[in-house]
Every structure is written in C-alpha cells, then in structure tokens.
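**Student:** Given next are the chains, with one letter for each unit.
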Amino acid sequence: MPDFEPVIGLEIHVQLDTQTKMFCSCALSFGEPPNTRCCPVCLGLPGALPVVNAKAIEYGLMIGMALESELADRSIFHRKNYFYPDNPKAYQISQYDEPLCRGGRLGEVRIHRVHLEEDAAKLIHIGESGRIHSSETSIVDFNRCGTPLVEIVTEPDVKSAEQAREWLQLLRETLRQLGVSDVDMSQGSLRCDANISIRPVGETGFGTKTELKNMNSFAFIERGIKAEVARQTEIVSGGGEVEQETLHFDPRTEAITSLRSKEEAHDYRYFPEPDLVPIQISSEMLDRARGALPELPAARAQRYEAAGVSTDNAKDLAFRPELAARLDEALPHADSPNAVASLLLNVAAAADAEPRSVAEVSNMVGRKEVTAANARKALELLAERGGEPAAVVAEAGLGALGDDGALDGIVEDALAANADAAEKIRGGNMKAIGPIVGHVMRETKGRADGGEVTRLVRQKLGL
Amino acid sequence: MSEEILALTAAQAAAKVKAGELRSAEVFDAYRERAAGDDLNAFLWVAEDTPAAAGADAPLAGVPVAVKDLFCTEGVPSQAGSKILEGYRPPYTATAVRHLAEAGAPLLGKTNQDEFAMGSSNENSAYGPVRNPWDRTRVPGGSSGGSAAAVAGGLAPWAIGTDTGGSIRQPAALCGIVGMKPTYGAVSRYGMIAFASSLDQAGPLTRDVTDCALLLRHMVGRDACDSTSLAFPEEVVLPTAERLDGIRLGVPEELSGEGIEPGVLDNFHQTLRLAEELGATVETMRLPHAPHALSAYYIIAPAEASANLARFDGVRYGVRAEQYDDLVSMYTKTRHQGFGPEVQRRIMLGTYALSSGYYDAYYGRAQQVRTKISDDFRAAFERFDFVVTPTSPGVAFELGAKTDDPWAMYLNDYCTVPVPLAGLPAISIPSGLSEGLPVGFQIIGGAFSENRILDAAHALEQAIGFDGSQARA
Amino acid sequence: MIDREQVLHVARLARLSLTDEEVERMSGELTGILGHIEKIGELDLEGVPPTSHVVEVTNALREDVPRPSWPREQVLDQAPAVRDEGFEVPSPQA
Ligand SMILES: [Mg+2]
Ligand SMILES: [Zn+2]
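Chains as they are written, first to last, in this note's numbering: chain A, 1391 to 1853; chain B, 51 to 523; chain C, 525 to 618.
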C-alpha cells in the first residue's frame, strides 16, 4: 500500500469593508437589529435594479494586485441561479467567465481567480433544542444580504493542513494590511472552504475531491483538513472510493458529515446579468488602486531578507507592520539591519524609542560600546525620556568597559575570589566560568563584555 | 363637457388647461368617470381622489395617465397581471411614472395586461381578458392591451406600457392608436416589474403622434438607479413635418410578404404609396436574419424571465400557497398556483435553454443571432432613413382564437420582435382599416432617432387622416 | 423532443409543481416550440460574437456613499409570514 499525500485547494470569501453594499446604498450591517439595513434592491423587490459600488471594484483590484493576478481589461457579472431563502432574487449576482482577476500567487500557493459577488442574507433557525436539524422554521434577516464579497480561489497547491493554516494566516494578514476587510473569521468576514483529495505520493493526477465547507477559525481549518485527509486515507487504504460531496466539520466532535441535500445536483444556469453593463478597467481605476496599495507582507519579508535581515526576523516583521515601519525609519542609520530587527522584535522598549535611537544603540552594541544587557536598559531609558543615545548611555553609566586595563584587574580579583571555580576551569570544565563572570558583572554593573571576560579568564589561566 | 373633453387629444387638453379654458380637475374627473365605468376590463385599479391641480408651469398640466400594471406605484396595487402579486402594494414608484407625475400627469389608474407582459392578446391576464373597443369579441393585442384599449376606447387620455417583443406596438396597432418603443436605455426600467431585462422598454400609447412625443419627452432620461439607462441626446420635440421629401424608406422582403394577412398587406402598400406622394422614396431591401428573430427572442426572453421571475417565492411579498410540507413544497406550490399557464411555459422554456448542456445550443446561439440582426439593421440604416413594415401580421382576432397554439400566438410578434433585439426605436401608427379593424404601420429608426421617427410618423398621420372616434363612442 | 423526465427535471430547477396532466401537455408544447426555435441551429454563426447588451455603455458605477435604509415595518409590510422581526420560512434543513 503506497503512502498518500493530500492535495488541497482553498476557496476564500472575504467581506469587503466598504461603506455600502455591493449593489445598493444601504450601509453595511454590524449586528444591527434584523431587517433594518434593507431597501428594494437588497430585498429583491419587483422592479428594483442593482448598481455596482465603485469602491468594491477598487478593493477587488487592490486584492488582485496584492496577489499578483492578471487584472481584466473588461469584466462582467453573471447571474447564478438557485432557490434558497437567504437569496432574495433566487440568483446571486456573481462573476463567471470574465472575473475581475485571474491567476497570481501568494507565497508558495498559486491563485486561480479572484471575483466579486454579493453575500447572502442570514437565516436564523428556530428549534427547541437549538440544533439545526430539529428546527422547523427559520427567520430571514436581510441585513447582511448584498454585502460585497471577494471570492479568492487557489490552485490545488496546498500540501498539508498546517500549510493551509499558515497560508491563510498570510492571506488574512495581507488583506488586513490592504485595509479592504476587517478579516474577522469569528464574525464571518473571512470564510474558508477547502477542496481536498489525496493521491499516492509521486503521482501527478488528482483523486476525487470533497468540499469541506465554511470553517470559521484557523484551528478548525487545520483540524478539519486533517480529519478529512485521515478519513479519505482510511477509505482508500481499505480499497474503497472517495465520493464527491460537500462536507461539514463539527469542531466539537471532530465529526465530518455530508451536507448533501435531497435535492438534485446544482445547475446554476449562469448567464450574463442583463441589468448591469460591463466593467471596463480604466488606467485611472488602476492608478487609484495602486496608489492605495501598501507594501504587503510577502514583499516586505523579501525586501528585508535582501537587506540582510534573517529569514525568521523578516517573516516576523512582515506580520507586524507597525514594527516594520519603525525598522524602515531606523535602517538608514543602522550598521546591521538584522541587529536592529532583532532589537525591535525582542526588546519591548525598542518599539517606543525613536527608531533612529534604536539604530544607534544597536550600532553601539556592534562596536562593543554597550553590552546587550545594557542596551536593553538604554532603550528603556530612551523610550521613557528620549534624548541622545550616546548621552543617555554615558549619563547612566551604561558604557562598556574599554581596553584601558580596568577589566584586567577586575578579572584577576574575580579569579582570586573564586579559586575553586578557577581550578575546575583549568581542569577543562568551562561551565564553571559562571560565578567568575557573575562577579565581574556585579563589579562592572554589567558594562563588561561577556566575550572579553571569557577571553581574559582563559588568558590568565594559561588556557 | 365630458364629450368635449373626450374629443380632445391629451396635448390639446393640456393646452386648454394652460390657457385657463379648462380645469385639470375636470379633465381628471371626466376620465376617471369613464375609467370607473370601464366595460373593456382595461383597468385593474382606478384612482379615487382627484389630485390637487398641477402647478401652473407643469408641462402636462394635470392631464392624467393610465399606467400598465407592472409599473410599481407606491401604495397602489401593482400586480403585473398576476395572481402571485394579488394585492401587492409596492413601497416605491417606478422612475418613469414618477417623472410623469412630476411633469404634471397624475396617475389615473393601473391597466390590465398579459401576466408579466407575456402575451400578445391580453388573454394571459390573471384578471380576465381585455376587450377591443373596435369589436368587443376581439382581443386588443398585448401585452399592454389594457393601456391600448383604454386610450382607444376613450377611458384614458394617454397611457404608458412596456414593449419587450412588441407589447406596445402590436396592441397599439390592433386598437388603432399610436404606440412607441423607444431606444433601449432611453427610459429607466427602475420600478418596472421585469420580464426580459435586456429587451424591456417603457413607452407611450397615445391617440396621436403629437401626444406620443409629448409623453415621451417626460419619460426619457438617465437614471442612476438603472445601470442600462442612457441620457437622451436631445430634447424630444413635438413633430411638425408635413412632407417626407428626401426620406428613404426600406421595405424588408422578409417582413412584408409571407405570413401577412392580405388586407393588412393591401393597407401597407397603400400607406407606402402615400409616403411616396409625400416625397419619400420606397425601396425593397433585405434583413436576412429577421426570420430568425422570433426564435432568438423565444430563447432570450424566457431565459431572462426564468431568472427575473424566480424572486416570486412566497417569502417577502405576494401570495404564498396555503398548504405545504416543507421549504421546497412551499416554493413549488406557491409558484405553481401563483403563475398562469403561459408564464409557467416560458419559465420552463427559459430554464431549459439555460440548463447544463443546452446553453451553447440555445442561449449562446440566440445571442449570436442577436448580433446578426443588429448588423442587418446597421447595414440598412446606411442606405435608408427608416425601415418600415406592417406592425402586426393581422388585425385583432377573436378572443380564444389562438390560445391553443403557442407558436401561432407568438407569430403575432413576427414584425415587431427584431426591433428590441437590436435595441432600436420604432413607432406604430394607425394606417387605416381592414375588415373594419385597425391596421398598424411600423417605422423603425436607428438608435436615438426618435425625433426623426416622430416627424415622419406625423407627416404620414396627417396624410392618412385616421379617425378613431368610432372606438370611443 | 422534451420528454417527461426532462420536463420534471426542469420543473424541479424552476420550482414548479406540475400535475401529471400538465407534465404531458408541457412536454408536447415545449417540443413544438423548440421545433421552431431549433431552426437557428442551421445558421452559420462561426466566429459571430454574442450580444448580451445592446447599449454600448460600460461601468455605470455608484459612489460608495450610504443612504438611509428602510424602517423594518416597511421591509416586512408585504410579507406573507412574519415572525420575530423577520421573514418566516419553513426551515431549509427540516
Ligand atoms: Mg461564491
Ligand atoms: Zn439595500
């Protein structure tokens, strides 16, 4: 029996953070009482007609740019027909064969397409036990109906549940920094479906895929995909075949259940929406979207790495735009970009001190004028009261001891006061150096350089 | 007084109100009384209160308008001739109706129509058929049959309707009045209960061409609520032409021979001779794809309708079935009970044409045919000012004569249907009688050529001298 | 030719509950209409672009500026069944 590997594609729906809905001027709803954010258009009243929100197009283009997609010159809307109480016109205005963006990539995952559509209403199921399956009546609240959505579909490039979670975190951070959505999974402004199949390692074809619906946290996504991969592996290993179906993952029980209704397979009967005219993407629209585009996590990480910041530090900073902004200010003054990045990431006070001061403290550490421990103290002082780093270091007596022989004497004193330890070191046990270094540091109030102390100890013991 | 008012066209009545010779309330009351005594079943609702007099500068001077049922009118039943919307009172008013009210034409009443504008005889109304005032055993045409019958029968000074495949022009022809379908996009569709969105267009049904121009002037204009609406490039002017000198008329072989009743064809040729006497040149030409227009239309219109009518699901408005077991049976029973047979037939046809595996063969091809039809017209307008045809292949037929054969009914639109597929404006004017019943003459022009069409129609109207007073008696 | 099965399938998609008699009649009528319509299959339309809009307009976009929504009473005014500030429907999962 061969080993299997998962093949995963993701479909993400993102609510855009516009002022108004996709096709009408109702304000978006944030928990208002039911049916108080509605008008003829979003209720699908007879005779009402949709009009496209310009901002949603702009946000769609920004997302396409961030995902390195090919942006359409011309894009049209289609009607996707299906009956459901949350779908007032019985068609969703969506995009089909002329989406706003095609292709692209984010990190190691390729993007298939990005398109615009409208969100559905909310169904509140009424039932004694509160469980979905026992309810007989539902209440429809149209406040959410018509909220602009961007649907992002990836290629099946994701190879594991962990990778799916990590990539989605990168996507969420990217969208957050774009400022186009509040990407709050618990509120449903970012929703994820996964298309999952498995295949024997080394093969290039695809197995039958299942669709895991609407997972609303990163943890559930990882656990849901894991559970589904395990389920498929068990079926195939047992000689069975995976059935193509839509599934629901219950995070409480870890159970996966089929969502397939009694209804016939969907036939959405897409056709061009005759109530809307084509979107022609003008250079002005592109300029406006590009102008609103901040530097995004992936690009930022790449830039920092190229500047000499370690891979880990660069990745961490990509997710923390406020720290990254400080690094950008500090960089022109920094001898070692990675050293400044480390200070910003590891010393809380560094985020409150002047970026230029952080760079100078980092430079002083590099020149061994300040020890790492005292750099932290210096930054705390600088964050508190500001001032010139050199002056603050001098005033607080935080400067490292120079080559003026002072350290030499203190090391000799320390060896004398810790004769046992000195004997052990001579015997080859370098771990015993602790008390000696501690003595020196006490005497120098931390101004001694640890490396220099070690060098002197070895020298004096003839090692 | 009422007889005197009845003898006036709407424009003449408006002029007398402005001149202080008539009060707008007198006009309103005279027509309201006639509308209330309607024995044609032309009205589904008639206003009860006389509105306050229109402002002194209101261009339409308070002369009231009858409005097809499918226009949404705030607080007033707007049922699109369907049982599924029985008693539906919308919370807003259609842009076109609002524009008319603002210009001083208050709502007289809502007129009967084929359900959701699907029909050519008005026999598909859930509220009973409308009768033709020229012969009450005959149909008025459709789907704007109530509007046409109301104007022809003197129950309304003028009316508006909608035209998707001929629903203004064909009933206007069968009732001996003027009906115009404007360029697609000229009049906002906001608040019009949609049949086929890419074809639907509102327009006037009036006693003469001058009334038509006056009403149209106050209907057109870009509406921010309708993405497909366009600014009308010029003011609609009242026509004055008496001659057709230098005007080149093209007569398409495909729409002026086979399938047209002999009496209608005779009248058509007489009208062409009149046009020549007025200075026009008349030449036979071809619209090679016109014979396929009906096929393309009966794919595109039902397909769009199948989606447009899907919103009638018994959830937010309209009538819901009384008994059902679950959600699906609530939907299927509500829709089965609420829609009439023709509407269900077209929903089925449209759903089938869009369904998986059939889209390319039906909808895709129909859209290509649409391109070819537009190309044919474009070529025609390089050589001709207008393309002219009989409006309808026949005169008004007996009630029930064609209800058993859908395709025979659809053939009523043979000459009108190519026009909306190309989005063009066209007018039908009464050109005489055949077997004692009115015949319509259709003038088709290029996009936004309404003023020129109205001028040509006016010149012909003067020469024809059609007398419709018999139907108002 | 549209047979019984196809009529039933399309009726399910369109959410229409037809009686047996209506299914029979619909099958005959739709077959008849499609017989006429299918003549467009004979046309050579190779390379002809489709027309879905006759107007040569693009964009027609709306500024992202909110306007007041409607009071709930008006939203629910014409509904056949209302409960708890919303539209009542049979539950889809029932
Ligand atoms: Mg979607
Ligand atoms: Zn709205």
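Misleading hints may appear alongside valid ones.
[Stated by the list, open to error] Here chain B is said to cover these stretches of chain C; the calculated rule only asks that three of the stretch's residues, wherever they fall, bring their Cβ under 8 Å from a Cβ of chain B: (1) 539-545; (2) 548-557; (3) 587-596; (4) 603-615.
[Unchecked claim] Simulated crosslink set (DSS-like; lysine-lysine; CA at most 25 Å straight-line): (5) A/K1616 / A/K1512; (6) A/K1470 / B/K383; (7) A/K1758 / A/K1814; (8) B/K66 / C/K563; (9) A/K1835 / A/K1767; (10) A/K1616 / A/K1470.
Think of the hints as simulated: they come from the structure by calculation, not from any bench.
Cβ atoms here follow ideal geometry from the backbone N, Cα and C, with glycine treated the same way.
**Student:** Now, for every hint given, state plainly whether the structure supports it.
**Tutor:** So, going through the hints one by one against the coordinates:
Note: the stretch 539-545 of chain C has 4 residues with beta-carbon separation from chain B under 8 Å; the three-residue rule is met and the coverage holds. Note: the stretch 548-557 of chain C has 5 residues with beta-carbon separation from chain B under 8 Å; the three-residue rule is met and the coverage holds. Judged by the Cβ-Cβ criterion of 8 Å, the stretch 587-596 of chain C is not covered by chain B as claimed, because only 1 of its residues qualify and three are needed. Remark: the stretch 603-615 of chain C is confirmed as covered by chain B, as 7 of its residues place a Cβ nearer than 8 Å to a Cβ of that chain, reaching the required three.
Distance restraint check for A/K1616 and A/K1512: the Cα-Cα separation of roughly 29 Å exceeds the 25 Å cut-off, and the hinted pair is therefore not satisfied. At roughly 23 Å between alpha-carbon atoms, A/K1470 and B/K383 fall within 25 Å of each other, so this suggested pair holds. Straight-line distance between C-alpha atoms of A/K1758 and A/K1814 comes to about 29 Å, which puts the hinted pair past the 25 Å bound. Note on B/K66 and C/K563: the hinted pairing is violated, with a Cα-Cα distance of about 55 Å set against a maximum of 25 Å.
Of the pairs offered as hints, the one joining A/K1835 and A/K1767 holds, with about 12 Å between alpha carbons and a cut-off of 25 Å not exceeded. Distance hint between A/K1616 and A/K1470 is unfulfilled; the C-alpha atoms sit about 32 Å from each other, more than 25 Å.
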